[in-house]
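Enquirer: If you want the building blocks of each chain, they are given just below.
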Amino acid sequence: MMLAFIDEVPRELEHAARLMGASRLATIRKVVFPLVASGMMVTLLFVFILNWSEFLLALTLSQPRVLTLPVLLNKFQSAVEGRLYGPQAAIGTVVTIPVVILGFLIQKHLVKGFSFGMIRR
Amino acid sequence: MASIRLENLVKSFGETVQAVRGVSLEIADGEFVVLVGPSGCGKTTTLHLIAGLERPTSGEVWIGAERVTDWEPGDRNLGMVFQSLALFPHMTVFDNIAFPLMIKKVPPAELGERVRGVATTLHVAHLLDKRPSTLSGGEAQRVALARTIVVKPAAFLMDEPLSSLDAKLRVEMRTELKRLHATLRATFVYVTHDQAEAMTMAHRIVVMDQGRVQQTGPPLAIYNEPANYFVAGFFGIPAMNFIDGELHQASGGSVFQAPALRLALTRSGPSAGGPATLGVRPEHVRLSDGAEGWPAAVSLIEPLGDETLVFLDYGGGTSLVAKASAEDRLAVGDRRRFTLRTDKLVFFASSDGRRIA
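Line order of the protein sequences matches chains V and B. The opening position of the first sequence corresponds to residue 1 in the working numbering, with each subsequent residue numbered one higher. The opening position of the second sequence corresponds to residue 1001 in the working numbering, with each subsequent residue numbered one higher.
This is chain B alone, in the form it adopts within the complex (with noise of 0.2 Å):
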């Protein structure tokens, strides 16, 4: 097992394309990391330098006490499940996992122990004669894993190994994925652009955007106190509502100014005044029944179960999303109030989407 430290990582494409500008970061022996981001923010290509399958222009990559920047991808000991899983179509699911046994030159005897063994461990056992196209999705992903699993790396690499799964399936093995991290405790960096994915088995989510690093911290930091607005865009479902207006400072606090919205913040609010964005996470929007708050028009009711989205139309730009109760009887074209819980809400310099407040 083995800690990973990126230095000020920076790889680049030609001259125009900039894939990674700067990533530092230190992974923890054991820890779960999961960078995540949009497609095109560079994580897999981060991914990429830390397994040694691309050279970063410049910058460092540490695994342990080694410095393994100009190492070949073999000489790092680094275990990596890929997103199209990577079995070889024309061996069996045992060779495929004796496969870096054999590379190694495992005595025959050894080698056929600890592939069964791992079989077993994955509930593989049986499939070891099969070829991978005659696997199902979720058996093809056992012994990609088994594959990383038999060498005993000191760390593993998965790059949105669940993307090809079904939304069931993907579930399924998000949990076998944490259940497997527990009894390893191995260091894992895994990359998806999955955002659930990176809440529910990461001890540490990395925010990618363009290249750049945008927050590092626990899955509940990073969605409850955003960096930017970025981060606060990409986390949550429904995504987090931005209001576009003013900062004022006035007597005892400030004032937040939109169309339609004014608001008085008498908590230590934005010391700063000019133009702002306020976020409001949709669970933090409440359908009034009293006097109290800003009138509304509902235009758009998504029941989902347990609870229902609720799009109000309130006379700003764009509809505000509140999650509402699913016993709240409402229909489209009623008129409510809501509120906003002032000690929730978050605010972005619109020049440049950092958090202010």
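Isolated chain V, as found in the complex (with noise of 0.2 Å):
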């Protein structure tokens, strides 16, 4: 995903950098990174959901006192009441605020980034 961001940023301004001077760090430092900061962005919020919502992984490694939040949602069962509905929504409402609050913070690039559009050829 980074890789089609990367590749989106024209040769052209790599080249035009690096005629003036500016070595390869400061050319991905100063024309590279900002232009691409957007699809990084993406990429992040991205990352973290696959990452915040993982369960498989979690449900195996994880220990009983150490829990991932989706593993701790599949645990609102009981044997006497059957499946607690109303603790298990409640959770799972807060389960998503995170991704709410990082998903406001980085709104401006994530227009940018889902357009695809970002550098003017």
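Each hint can be trusted.
In silico DSS-like pairs for lysine-lysine, Cα to Cα no more than 30 Å straight-line: (1) B:K1152 - V:K30; (2) B:K1130 - V:K108; (3) V:K30 - B:K1104.
By construction, these hints were calculated from the structure, which means they are not laboratory data.
Build the complex: two chains, separate frames, hints provided.
Expert: As structure tokens, this is what we get:
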């Protein structure tokens, strides 16, 4: 996903920077990086959501005292009362809050990143 | 300012593609040289080799007295304007122009002064706070030039910088570039596939095809004395007329024989016989009112305003294009006779396209 964003940066921009005397590192830092920042934010959100909602590995590797939220959500079940829908729904809602907050924080970049049209050719 | 010398430059990509095949060229200090040729002829690769953006497979690049073949692009003190202009979209116009100075760690006070100075010269001082995406084509062009000029490079390299502009603006910018060259008196190496740009701007034109230099010379020499079939066909709008035929030696000169056309050459024509191609520019094909010349039928007319292009079917394989006065009343289907200016004819060997007369 990041590769697609980096490929979007025209090579001529890098060539121009190098001709002006910028080192490869300076070219990446001052030209490429600012242009792929939106793409990085989108990638960050995707990676965060993937990890935040990960269930199978977390279920296998977690201990009873250290749980991830998706694994905890699965535990709201009682032998007497059956599935505890109320608490489960409440925790489910709380789990989404960090993702929503992160989305709002990087909203400016998301619009650019999702549109893929961040560089005028 | 500096001269540029290319010595037998070769650039291969992989084992099959050879983009530049032994280009040698001397560009004098302050000269305006235009590399021209069709797409894929190696002109942009040659420019990249001068800039250092590509390393030659073999051969050498000299700038002034320095051999710079292995130098990094930034160490060569060259300025380059790219086809897409390559303005940094995330920076303002000021930052774009200041970028090369910031890289060279010029003190802020001097940096601001130089940026504003060059921006005023190129009439972009009122745009310094804007982003490149909000500029018009001409403004973006001037900003790209300003960014190149601000570091006072030894030579300017330009890779089809006007190709993205509309026709009217392109003509205006052409004039501005010529004026800029006259002011700066710097070495300009300009790449284009547009022969009109090459003809109007260059001190010297370098015609390239298939990675090789086909001909080097002043614009009019290239136009009037093409070295081979390719150069003759590439320069001129409309293109030169070509007639395939055979040359025979006869008493008192030679004779060119083609289907529906026999031409006795009294001047010092080609000495060799055999298959040949006759080349004649449209302005040297004359419609005659008398009985001399060859008969032809007008098959198409293209009025250009100041003159008219007339397509003549004379019985050969292709039509012959002639330039006629706009005042000539011509209509499709008219039967006219035409003559050729024999002092302006050129001949090429059919085997390899080299000029034989």
